[in-house]
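A.B. asks: Chain by chain, the residues run as shown.
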Amino acid sequence: MQTNDLIAELSGRAAPRNGGFVLPLWLAAAVAPLLAFAVFMPLLGPRPDAIASLTTLRFVMKFVEAGLLFAAALGLLAALARPARPWRDRLWLLLCPAALLLTAVAVELVVVPADLREVRAIGGNAMNCLIAIPTMGAPVLLLLLFALSCQAPTRPALTGAVAGLASAGISAFFYAAHCPDDSPLFVAMWYPMATLVLVAAGACAGSRLLRW
Amino acid sequence: MSPAPSSKLQALDDLLARALAGDEKAYRAFLTDAAAILRRFAASRMPHHSAGFDVEDLVQEILLAVHSKRHTWRPGEPVAPWLFAIARYKAIDAYRRRGRRIEIDIEAMGDVFEDPSATPTAVAHDVGRAVASLGGRQQAVVSALSVEGKSISETARELDMSEGAVRVAFHRGLSAIAKKFGNK
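Just so you know, the sequences run in chain order W and P. In terms of the working numbering, the first sequence opens at residue 1 and continues consecutively. In terms of the working numbering, the second sequence opens at residue 1001 and continues consecutively.
Chain P with its partners taken away, still in its complex shape (with noise of 0.2 Å):
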């Protein structure tokens, strides 16, 4: 399962026993490497088109864990298969909580919905993000109006639907957005 030439695995070991030792450079070029690691990883093993999930959220977790768990790594030991045990179990673990996290601050998704052309505080790919977890007519719509900023009657014209209907497709694809990804 290494995805990795082994000699950028090996440097990986000198690196992380300098970081412990506390030099942090070393440790950020072990961050940054280990994280170039891990996207290919991650995005070799997770499920693609899978609402809610997302490939920079697993590394980014993975990173964490690898930094609290820096002490279990022992200098002399390997790094390659101790870093690939904890993403494998990081991945497992993101892979049973999908679709039942909090992913985006609601009151930052109501600013963006509202006005598009508003300081986005959501990141794009989050925005992108919920919505391709809707479904169909309600993704086509809710994507028109608020990410593209498109009008109701131009988007009613485009999808080929009434604009009452489009009205009705972008309330529920947003309270669907909310239920999914808003604070309980």
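Isolated chain W, as found in the complex (with noise of 0.2 Å):
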């Protein structure tokens, strides 16, 4: 076909998009924690003293990470998914809650006597973390997939990528209500773990679901 054929008849679609639904970055990340908490209440459940344990630093930590982590990862995707955005300016939204981990940890090096430590970091639920947050997650990661496809991310794989560490601080969020754990030392070498599959998910899935 010559290019003015194709621009000729490219121009009778000037409007955009009649048909074909465009889901919304934005819907698909406030739909997001809706979905999670869907999957969750059947799965899993908030631990009994959830509630109670919002009086402990610990316990309230793991929030404030996961939900940093979600909120930071779906800024980047913002500027991951059109063309053109500068989204390496926004890398540094991911160091948030990777600071306030390492500070968490830092922290309870210091406050937990040496012979406990290791205790606290292995916990007695390292499985059900591992398993929990990347199913919690999956769903909430093919909504994410499903929006970014409907944009145009130049970096598919990377894009996914995130998509998959937005998923995991959501997922985490909720599952950190049920996980009797609550040492930033458990946190920190399970939860990145676990975050790791969907990652991982994330960009496979992305280099062949954001294509375009």
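Honestly, the hints are just simulated from the structure, not real lab data. Wrong hints could be hidden among the right ones.
Computed beta-carbon distance windows for the label pairs [as the list claims (entries may be wrong)]:
#, chain 1, residue 1, chain 2, residue 2, range
1, W, Leu91, P, Leu1064, 48 to 54 Å
2, P, His1071, W, Ala106, 43 to 49 Å
3, P, Asp1014, W, Ile51, 53 to 59 Å
4, W, Pro46, P, Pro1081, 43 to 49 Å
5, P, Ala1021, W, Leu196, 43 to 49 Å
6, P, Leu1159, W, Ala200, 52 to 58 Å
7, W, Ala98, P, Glu1077, 28 to 34 Å
8, P, Ala1132, W, Leu34, 32 to 38 Å
In this text, a Cβ means the ideal position worked out from N, Cα and C, and glycines have one as well.
Join the two chains into one complex using the hints; note that each chain is given alone, in its own frame.
C.D. replies: So, in structure tokens, the structure goes:
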């Protein structure tokens, strides 16, 4: 086909998207917590003393860290979703949850006696954590990938990976309400591992589903 | 990486904004201007003489991508970086797929090669590209026989080959083209 013919054909369809549903990224981001919650409640549910534990700093920190990861990854995603957005300028966002977690670990190492550290880090729910976070995160990841496929990410694999990060953030947020292990040592040991599962899945899926 | 004067690029902003509001004339003008810019972009970026590669194909691929993703441009933003980001993405994509693409419908190819005077169903540059993808002797033979319409004996004399060798090179050339550009 000649380029001029193509232009003639396309120019007849100037108005944006008559057919086809475009899920805005902000809407997907708003639905993500509801979706994760909907999977969380029947599957795990909060631990019995969840409300009472809100007074302990270690318990609350888990939510702050996970929520911060979710927000930071979404902020980066918003830039990755469309062409020519300066997403590199937003990479620092990911440092926030990482820095907070490292700070918490440092404080924990100071206040917890040396012989207790290993017990705290290994905890009693490592396996649960590694399974539950990716499981609850998977539907969120799919939702985000769908919303992103309506946009035009020019780095499909990276965008998928960051979507995995965001889904891990919101999934970890709810898992934190279930898991009785509150030590930052446990969080720093196992949550990132569970997160990596979703990041890897997101990168693989992204490099396939987000091409255009 | 801006190959066009900036005033022209700014005019694109206005055209695309009007196009997205439903102005078909503006959209046509936008696509035409964008195609001219993209053609220069594609020609300057792409490796020359690479088999199965065509600047115009890349321009069209980028235009299609621009069309299907036009909702990701927000009025008020400059078009140029957006356009070049899409162009770059599609160029990388095309480069990766280079050589593994279906370029020409094989049945249309057959017609062209059996009878050079038949109305070609593949446009001239497609044929040229297919022939150019061959190497050395095969290219010379296929080009002489099918594109220039010479006879086998003429070709054999010119290339200083036996007639049998010309036939063999011709058939091997055609099957190489079929393999490279044909349907699975």
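A.B. asks: Could you run down the list of hints and mark each one as holding or not?
C.D. replies: Tested hints:
no. : hint                                : result
1   : W:Leu91 with P:Leu1064: 48 to 54 Å  : violated, 31 Å
2   : P:His1071 with W:Ala106: 43 to 49 Å : holds, 46 Å
3   : P:Asp1014 with W:Ile51: 53 to 59 Å  : holds, 57 Å
4   : W:Pro46 with P:Pro1081: 43 to 49 Å  : holds, 46 Å
5   : P:Ala1021 with W:Leu196: 43 to 49 Å : holds, 45 Å
6   : P:Leu1159 with W:Ala200: 52 to 58 Å : holds, 56 Å
7   : W:Ala98 with P:Glu1077: 28 to 34 Å  : holds, 31 Å
8   : P:Ala1132 with W:Leu34: 32 to 38 Å  : violated, 57 Å
The structure fails hints 1 and 8 (numbered hints given earlier, in ascending order).
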